[in-house]
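S.K.: Given next are the chains, with one letter for each unit.
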Amino acid sequence: MYLITPEPLDALALMEAVRVDAAGAVSLFAGVVRNENLDRSVHYLEYDAYPPMAERKMAEIGEAVRARWPVTGVAMAHRTGRLAIGEASVIIAVSAPHRADAIEACHYAIDRLKQTVPVWKKEVFVGGEEWLEGVSPAEAEASMLRPG
Amino acid sequence: MELPVFLFASLREAAGARTLTVSLPEDASVAALRTRLGETHPALAPLLARAAVAVNQEYADDTQRLSPGDEVALIPPVSGGVECT
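Respectively, the protein sequence lines represent chains B and U.
For the record, in the first sequence the residue sitting at position 42 is 41 according to numbering that gives the first Met the number 0, with numbers rising by one throughout.
For the record, in the second sequence the residue sitting at position 24 is 23 according to numbering that gives the first Met the number 0, with numbers rising by one throughout.
So here's chain B without its partners, still in its complex pose:
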């Protein structure tokens, strides 16, 4: 399940989407809007996304996770629009028979999502606003394809 949505995210639904009888572990990550960044007091964040490509890129991360760890399920959801302090912007759930794999795979998935999935956040803070920029996604993707 890979979803871009303006609606509040449902962690329990994502956990249930990956739960299977063979899974002894469900690892859950939630990215939550924080009150401070770069010594600036944050009012709120606004997220923009390219939904069909974002869902495709999330599915690719899911495939990479399945190729590398013995996981039984992967689900991701990213929210768009205006989010207040404390609201979840992204949730990833990964299930596996054992917890080490579920935790490692979930960690990898959120790190990859932040590099390659076409989602952007604008920080509105005391004194201004700014679209935050990370690494070029094409470079990030190329680094994944290189061996080693």
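Mixed in with the good hints there might be a few duds.
If you want a taste of the chain U side facing chain B, the calculated C-beta under 7 Å gives, among others [what the hints assert, rightly or not]:
| # | residue |
| --- | --- |
| 1 | Gln56 |
| 2 | Gly68 |
| 3 | Ala72 |
Counterexamples of contact, computed for chain B against chain U with all Cβ distances above 12 Å [as the list claims (entries may be wrong)]:
| # | residue |
| --- | --- |
| 4 | Asp9 |
| 5 | Ala63 |
| 6 | Gly126 |
Hints were generated in silico from the structure; no laboratory data involved.
Glycine included, C-beta positions come from ideal geometry on N, C-alpha and C.
Assemble the complex: chain B is given as a structure, and chain U must be docked to it using the hints.
M.R.: Only chain U this time, still in chain B's reference frame:
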């Protein structure tokens, strides 16, 4: 050919629109699209250099050729989770 180009984040704000239409010869390259956009929308020019181009929802390099019906998007550096400490 007339191609729709989707804009996001800082590019969308600079253009004041979610989509633009670009006129190009068939089989034009992605590089040509960048150049054309810089000409028709000078406000976008400084931001274009840092943006990737996606064609039909896959990252494309500047040598890729465009065809009628292609879906093009300009992808600023993503920030789903820039780590700022």
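S.K.: Which numbered conditions among the earlier hints are violated in the structure presented, ordered from lowest to highest?
M.R.: As far as the earlier hints go, only 2 is violated by this structure.
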